[in-house]
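Add chains A and P to chain L, keeping to what the hints say.
Chains as they are written, first to last, in this note's numbering: chain L, 1 to 431; chain A, 432 to 750; chain P, 751 to 1043.
Source of the hints: derived by calculation from the structure; they are not laboratory data. Don't take each hint at face value.
As the list claims (entries may be wrong) - According to the in silico footprint, chain P covers these stretches of chain L (three or more CB under 8 Å from chain P): (1) 314–325; (2) 336–346; (3) 357–367.
To be verified - Over the 10 Å line for every Cβ pair with chain A, so calculated as not near, a few chain L residues: (4) His123; (5) Gln231; (6) Gly260; (7) Gly405.
What the hints assert, rightly or not - Coverage of chain P stretches by chain L, computed from C-beta distances (three or more under 8 Å per stretch; other residues unrestricted): (8) 818–826; (9) 847–856; (10) 874–885; (11) 994–1001.
Virtual Cβ for every residue (Gly too), placed ideally from N, Cα, C.
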Amino acid sequence: MQDLKTHSEFMLPRRKLLTGMAAAGAALAAPGLVGRAVAQSGDVIKLGAPFHRTGIGAAYGRWYERTAKAALAIINEQGGINGMPVELIIEDDGTDPKRGVEAMEKFAAEHKVDAVFGHLFSHVVAATAPRAGELKMPYFLCSEGHALAAGAFNRYTFQPCITDVKSQISSMAPWMSNNLGKKVTLIYPDYAFGYDHRDNMTAAMQAQGGEIVASIAIPPTETSYTRYMPQIPFNTEVIYHVMVGPGVLTFVKELGEHLGSQRPEIFGFIDSLEAVALDIPQLDYLEGTYFWEAMPRYAQAEQNEFDKFYREKVGVDANGASVDDAKDVSTFSHMFSVWETLFAIKQAMEMADYKGPDQKVAMLEAMESITGFAQSNEFPQGDKVFNGKTHQAFGHQNISKVVDGKLELTYTTSIDETMYPDETDYTQMSF
Amino acid sequence: MVLHNKKLAALCLAVLVLLFALQFVLSSYMILAATRILILAVFAMGYNMLMGYTGLLSLGHAMFFAAGVYASGMVTYYFGVSLPLAFLIGILGAFAASLIIGLLVLRTQTVSFMIVTLMFAQAAYLTTLYFSRYTGGDQGLTLPTSARSFRLFGQILDMTSDLTRYNIAFAVFAVTLIGLYLITQGPIGRLFVAVRENEDRTRMLGFDTYRIKLVAFTVSGTVSGMAGALYGLMFGFVGSSFAAFQTSIEALLYTLIGGPGTLLGPLLGTTVMTMLIDRLSGLTTAYLVVIGVLLIVVTLWFPAGILGTIRNRWLPWLK
Amino acid sequence: MNIAPYLLLATLEGLVQASVLMLTALGLSLVFGVMRVVNVAHGEFFMLGAVGAWICATLIPGPPAVAFVAALVLAPLFVGAIAWAADWAILKRIDYNPEATIVATIGLMYIIQQTTLWSFGPNAQAVDAPFYYTLRFPWFGYSTYKFFIIGAAVVLVGGLLYFLRHSKVGLVMRATQFDRETAQNFGISVGRVYSIVFAVGAMLAAIGGVLVVPAQQAHYLMGHDPLLLSFVVVIVGGLGSIPGTIAAAILIGMSDGLLSVFFSPTLAKIFSTLLVALVLVFKPEGLFGKAGR
Chain L
1 MQDLKTHSEF MLPRRKLLTG MAAAGAALAA PGLVGRAVAQ SGDVIKLGAP
51 FHRTGIGAAY GRWYERTAKA ALAIINEQGG INGMPVELII EDDGTDPKRG
101 VEAMEKFAAE HKVDAVFGHL FSHVVAATAP RAGELKMPYF LCSEGHALAA
151 GAFNRYTFQP CITDVKSQIS SMAPWMSNNL GKKVTLIYPD YAFGYDHRDN
201 MTAAMQAQGG EIVASIAIPP TETSYTRYMP QIPFNTEVIY HVMVGPGVLT
251 FVKELGEHLG SQRPEIFGFI DSLEAVALDI PQLDYLEGTY FWEAMPRYAQ
301 AEQNEFDKFY REKVGVDANG ASVDDAKDVS TFSHMFSVWE TLFAIKQAME
351 MADYKGPDQK VAMLEAMESI TGFAQSNEFP QGDKVFNGKT HQAFGHQNIS
401 KVVDGKLELT YTTSIDETMY PDETDYTQMS F
Chain A
432 MVLHNKKLAA LCLAVLVLLF ALQFVLSSYM ILAATRILIL AVFAMGYNML
482 MGYTGLLSLG HAMFFAAGVY ASGMVTYYFG VSLPLAFLIG ILGAFAASLI
532 IGLLVLRTQT VSFMIVTLMF AQAAYLTTLY FSRYTGGDQG LTLPTSARSF
582 RLFGQILDMT SDLTRYNIAF AVFAVTLIGL YLITQGPIGR LFVAVRENED
632 RTRMLGFDTY RIKLVAFTVS GTVSGMAGAL YGLMFGFVGS SFAAFQTSIE
682 ALLYTLIGGP GTLLGPLLGT TVMTMLIDRL SGLTTAYLVV IGVLLIVVTL
732 WFPAGILGTI RNRWLPWLK
Chain P
751 MNIAPYLLLA TLEGLVQASV LMLTALGLSL VFGVMRVVNV AHGEFFMLGA
801 VGAWICATLI PGPPAVAFVA ALVLAPLFVG AIAWAADWAI LKRIDYNPEA
851 TIVATIGLMY IIQQTTLWSF GPNAQAVDAP FYYTLRFPWF GYSTYKFFII
901 GAAVVLVGGL LYFLRHSKVG LVMRATQFDR ETAQNFGISV GRVYSIVFAV
951 GAMLAAIGGV LVVPAQQAHY LMGHDPLLLS FVVVIVGGLG SIPGTIAAAI
1001 LIGMSDGLLS VFFSPTLAKI FSTLLVALVL VFKPEGLFGK AGR
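Just chain L, with the same shape it has in the complex (with noise of 0.2 Å):
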């Protein structure tokens, strides 16, 4: 580096600087080359984990990142799996599809990982997904999206944890159309995330014998609401809402000035306001309204202790927040979906006495065995169904009301009214 300093740069000789260029690539190119010759030790088992630590899924990736880490270090405590330790390698992909099918490449080929798992947003699921079947990566899902369920997948995808949007919906909507009205005005994001809530909620309300008097698609980079609420009709007696993006504060705000106190029954998505403080001035207005809740952020009066325990490990605390800092709001209703995730993948492993890579066919079928999951410190959601067929899992969903700006529950569906006909077999696919 003196020759750097004592030359000006632009009169480094030629071959210097081509020498030095050179170099530059090689360096650049190296970690891959190094990476293909340290990758044969079988004796730790990795884990590849695309969270999205940027972009628009960045309020999620950081509690995801939290999340695994947390249970990671419980599973290592316990001996790790099969007596081998467990490495996270985590990549950002900037919630972003392109760069999500990188980091699933970056995971087969480079690391080679053994499972790749922690992907939310349905766009990056819907990219990366044929490249895991294509690599034979097995793929963990904690997204919501139904695409999975639907068969658009392969036999290397799981979404073992989470429930889909389709059971989510299909299941509230029998409470909603007793408990609160039938006349129903959908507010939903104009783009797939939307049309999801859309169908589900239309197809589901009318088995109810109820109605969509309006539907409302807001575009998501929208940030202003005022203009679409005339469009919510005077016979509307539930508003449903899912308004995923940075503007919800400003929805619901501009909501409760359009309404005033006359308002119908107002029923949200709690994705809306994942990791934002409920008890804010400007959320007044969802006081008294319903939420569904795939985990209560609160800690209830009839907490258990797995509850307990998971917020005790993650660093939350009683209202859903960090530890550290009571206006740092987790994702509560997401992240769990992570935690559970890694304890699932651990039991499959286990099932298939998984030692390497070899085993990845079997480990997939102790997947495909399983039938469901206890409540207990792994599953602090509650009980599940495991389909082995669809890949999908079905669990208990809440429906909460907002009191003293806190979430109460006030429903919790069981897990019957959240199945639905399969609708593929991937067991029928060849791995």
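Same frame as chain L, now just chains A and P:
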């Protein structure tokens, strides 16, 4: 045909031999990365035709890349068209798009040109979202297994095989490199450069500069779209993020780093940037800062990029 | 709901949007008019203003109105300082080359975004409005704070116009815009004028951000839309024309509200984007601008 600039021809040939040989040396992950680099390099080379050689800085090339992605991906998805044919349709789609857009945007210049291309690309991006019933919107379309292999000259080519993909990408890259060599080093290329250096003088010499620019624009858009079609078909996914602003910036960045107006600059720029981001993304989330800093550093101190700087100082034939 | 209240609501919303747009776009337009460069990081200055308002609200105790007033002063100063530094460190050194400036400010945009993500975090943050009262119409309610946004924007824009017309700095700015060389011959330090203009442009965006945040919220990616809309306004208004920009802000703000009554909002955005592109292609001086020089 006379071969102009023989030194560059020799270098290109050497690069092609090297690229072909890489598949016997590199680790399997590097092969995957190299495949992607080759495809994106084709995109950047297309971009370079316009930005580097003709001096027109577009901020909307994502729309041509996406035109290739969607045209080829959707015919495969909906009509089961075989991959080679879909690839051609993708190229054709990008050709049509770039011709029509070119006719309009070339009426503007410099800053207006940049903004107009940006606006058209933005409209194209929103269109892919608006017609999500057909395009799949942001969630995109995943090509079915039947579209992951094809038969060509009696051979079944499997797109899930890493080496097959690398060689296909290599072949397309090689054809593009040779084609662009012939264009840029020949009389047409000199006209492009003449427009870049002094459009008024070129016009006064009796050339129809609008037409020259239109040719450059169309070639540029078509090559970019070819890269898009290849990308979509190779990786089996079609989605609106290909049409987003970020994609346009990537082409600009690769070209700027490598050296605008040099034939091999885009390849070098793509390689450096892709590997840099690839290495960084495991370590930190700072790659956007890295891109940002690089954009600024390059405009401040190396407006000619890596190869451009070398050309200006030592190797004038490197163009 | 009947069409009349519907239109009333759309008009009110349009006015609010037009007000914020006016401030943000004027910043962009001023920079373009005087310096002949396009600042792609403009939306990030808007975002920084909003984030600044949140920081003030978090750090300053007492009623929200105090923090809000402090934010109205401090956030633009902070953003102006950043812009000044960027001008000194980058733009001056590339000699305000129009194309290089676009590329460099794209770089600046990424840096600001990512730095904000690190320090401010990925979550959307709300800021209390300085006052909170909902005006109830027979058909719907409407936040009075939004009327305040309209009022504040009108006052600020009026002040800016006065400043440009009647102050010495304004005169120097206009002189530089009109003819850079001659201005230089008259002893005007063009370099300093550029620094001031760039900082003022950024501050206008920041004020827009501060004003908007009690009605919406701060988020690190929020700069994207204001940037595109400001582009639209500046172009339709005629690049660099201040009265044109104001007229266009009102037109675009209002029509965006009204269009989405009749069309899908995404479709409305496609139309308005294409409209801008076609305006630039066929009428490059803008709908309200004079013929270019």
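Structure-based check of all given hints:
1. 314–325: violated (count 0)
2. 336–346: Violated - the stretch 336–346 of chain L has 0 residues with a Cβ nearer than 8 Å to chain P, which falls short of three.
3. 357–367: violated (count 0)
4. His123: Contrary to the label, His123 (chain L) does not stay out of reach of chain A, its closest Cβ about 4 Å off (not over 10 Å).
5. Gln231: holds, 18 Å
6. Gly260: Per Cβ check, Gly260 (chain L) is outside 10 Å of chain A; nearest 33 Å; holds.
7. Gly405: holds, 32 Å
8. 818–826: violated (count 0)
9. 847–856: violated (count 0)
10. 874–885: The restraint on the stretch 874–885 of chain P holds, since 5 of its residues have a Cβ under 8 Å from chain L and three suffice.
11. 994–1001: It is violated, with 0 qualifying residues against the three required.
Against the hints set out earlier in the document, violations occur for numbers 1, 2, 3, 4, 8, 9 and 11.
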